[in-house]
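Dock chain B against the given chain A, drawing on the hints supplied.
Just so you know, the sequences run in chain order A and B. For the first sequence, the working numbering gives the first residue as 1, with consecutive numbering after it. For the second sequence, the working numbering gives the first residue as 1, with consecutive numbering after it.
Rather than coming from a laboratory, the hints here were simulated on the basis of the structure. Check the hints yourself; a few may be wrong.
[As the list claims (entries may be wrong)] Facing chain A, from chain B, some residues (calculated, C-beta under 8 Å):
no., residue
1, Tyr149
2, Asp153
3, Trp185
4, Val188
5, Arg190
6, Leu192
7, Val194
8, Pro206
9, Pro283
10, Glu284
[Unchecked claim] Some but not every residue of chain A turned toward chain B, in silico, with C-beta under 7 Å:
no., residue
11, Leu64
12, Pro82
13, Leu84
14, Val88
15, Phe90
16, Ser92
17, Ala94
18, Trp98
19, Ala108
20, Ser111
21, Ser143
22, Gly147
Quantities reported herein were computed from a predicted structural model and do not represent experimental measurements. Here a beta-carbon is modelled for each residue, glycine too, at the ideal position from N, C-alpha and C.
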Amino acid sequence: MTTPAPGARYVSIEGINRRYAAPGGRTTTVFSDLWFSMNKGDFACIIGHSGCGKTTVLNILAGLDKPDGGAAIMDGRAIEGPSLDRAVIFQSHALLPWRTVLGNVSYAVSSRHRDWSREKVRAHALRFIELVGLKGAEHKRPSELSGGMKQRVGIARALSIEPKMMLMDEPFSALDALTRGTLQDEVRRICLETGQTVFMITHDVDEAIYLADRIVLMTNGPEAVVAEIVDNPLPRDRRRLDIHKQPDFYAVRNHLIDFLVERSKTFKSALPRGYDHRHPPVIRPTADRISPPGGDARAA
Amino acid sequence: MAFGLSFRAGVVSLLLLAALLLVWQGATSGFGGSSSSLPAGMDPEYAKLMGLTATSGKSAVPSPVEIGAQLVTLLSDPFYDKGPNDKGLGIQLGYSLGRVLLGYAFAVLLAIPLGFLIGMSPLMSRALDPFIQVLKPISPLAWMPLALYTIKDSNTSAIFVIFICSVWPMLINTAFGVAGVRKEWLNVARTLEVGPLKRAFTIILPAAAPTILTGMRISIGIAWLVIVAAEMLVGGTGIGYFVWNEWNNLSITNVIIAILVIGVTGMALDQILAAVARLVTFPE
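In isolation and in its complexed conformation, chain B is listed as follows:
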């Protein structure tokens, strides 16, 4: 073949995107009528009731072209702030990212040391297992009322919810990775009389790093999923609040744009961690 696989895959992706946009454009552009001339045989009362949907076949769902135009408008000034209900897309995204990164950072600080402890100590592994098994399946949003009641601050509560949902995959993967470090590598450290702290950093951490990073990657994905829902609940700022606010404004265009931005941001977060994972992965 003259072209590589990734090139061909890229071409297919672009074709699929083009097809999707075309169908979307076709489905939303209507049959070109106008409100002044009714289609033959249509009751004027009905036309009035149904609006553009009846007279020109146009839907309230915006076309890709309209979305593109609005996207350019929003992105040309992403950081304006005209009061509580009118902030730029960039500001809203920044609030969400800030909450996610803060909650995630706290989760890293707890999950990785605790995962080391669980992975290295069979006793702690057994002792903590019931807690993890019970706490892990709880939907992060179920913590929200309790968080709001105890913390009494909606922003901190959202960060707490991110923390609690990020902690489990990291904790479990760290413990799994640490417990699974090959005995022969540990024996190498033992025969070289390497102390426990140096052993943790020079043998266990690099050996478990790929597994830990997998957990961190799962966690950032979940955190980004949860922040949107959490911000819909707590309100005020953030991309999740933006979605809900634009729904209340019945601006489907802005809702769709927010969905796109959420998707692209989530992908970027995942790719950053994937790049870090590649750095610590070692071929055997």
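Next comes chain A alone, as it looks inside the complex:
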């Protein structure tokens, strides 16, 4: 075990690339030379069109997939495989349908703490079931729960192992707008309270602005690159209720929408001058100005 060098990031993706075999004996490069890092307690969202390799990046961070080159590092150690240090919240919630809510969460808890007694595991699991607001439903099976409740169980399961990092693959995309809003509020509250480091995939620009400190923009695949990293200018105590009244809200929102609609297609063909794969430009769109790309690229 090496202690991270001073100034080193908590999580860093260092020049990873991933190729798949394509028909005709050729290979398709999903992305190559991808660099990106996160501080402890960061909430990062990754945005990009389908096929840009967002899920592959998440799977590499989770240890479920391996890069063909480069490395992913967390807390000073290379990610070699899945680990209890990183909890994954799956898009399809991936609950075990033959277990109850309590059974699903307990399964994770007892995997984390193999020497714990049954009562201790149960008490710990119940605490997290309560945290996500499912008290009273702990003996229900997943089939008896609504989509939102299922995803709450997924969140409780991920939180219950008290991971160093949470990885979320479009956790709210299958939910209706109302449920999605409530769950976003709770995830934000829990993550802020616990100082959780979170990496999340989303398609929803507003979700990214509300939740994330930093938003990673990926260009279209194949051979996707990190176009830029948007530093969210909104105050940390933002609330869903009046987020759209924040002075910088529309600056960020327009920037993201512009990227998704237009620049995600064209960015690669005309890389900005001085573009460096290792240090993608960091942009902080605010109401009065947009910090120019290539400015202070390392600014957080």
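Chain B in isolation, oriented as in the chain A frame:
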């Protein structure tokens, strides 16, 4: 509707049964003549030759009433044993069930672990596939001579035949169920660093259990079909032997009773496994 669907279905079933028994009774009871008074114009020689069929229209096929009476007799003392050719129905049934359960148990012990291996390893799946494809369509009874020659014991040979016919549906269904476990459930286990053995028992087994049980249910059905034929061949004891023995005795009544008992037992075996399947089935 005032009555539920299952109630109405039950009523229809009972009506159909009643109609069937009535027609059967009518067809076998004849037109009431007796052997002493010949119907008008019938040659006495012909009447003698044909027996009751000609004089009273009665058939050698027993009526439901006769079968019912005989059934009561047989069931009132099902476990008597008066030598090799005269044993109670319960004893014969017990022999058959014993063979089926023994052969089936061996099949479970082989098929489920091997099915896990095939389902989890694409290499073993490919490697064993030709063997399974060739061995599966062989009629279980075709193994009988080989079994008798090598095992040299008719009872063990019958158990072997049950084993060989039960193994395939279980093996194939287990492999299919194990290979089809959702990737996301396996990923859950991987991210929780669950070891391979615990993963097999806590993720793969419960996820594949409904499919495995379907295979086990098919197998018990086939095993029960095959035991009757196998016992006709090996003789000695068992419900299959009983059928053949009663045919040699020309006791159609006992043959029909044995057929009924075989059917009811087969249904009971299937229902037991169906109940187990309900226990392990999970709604999604």
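Against the structure, the hints come out as follows:
no.	hint	result
1	Tyr149	violated (46 Å)
2	Asp153	violated (43 Å)
3	Trp185	holds (6 Å)
4	Val188	holds (5 Å)
5	Arg190	holds (4 Å)
6	Leu192	holds (4 Å)
7	Val194	holds (6 Å)
8	Pro206	holds (5 Å)
9	Pro283	holds (4 Å)
10	Glu284	holds (5 Å)
11	Leu64	holds (6 Å)
12	Pro82	holds (4 Å)
13	Leu84	holds (5 Å)
14	Val88	holds (5 Å)
15	Phe90	holds (6 Å)
16	Ser92	holds (6 Å)
17	Ala94	holds (4 Å)
18	Trp98	holds (4 Å)
19	Ala108	holds (6 Å)
20	Ser111	holds (4 Å)
21	Ser143	holds (4 Å)
22	Gly147	violated (13 Å)
Violated hints, in rising order: 1, 2, 22; the structure is consistent with all others.
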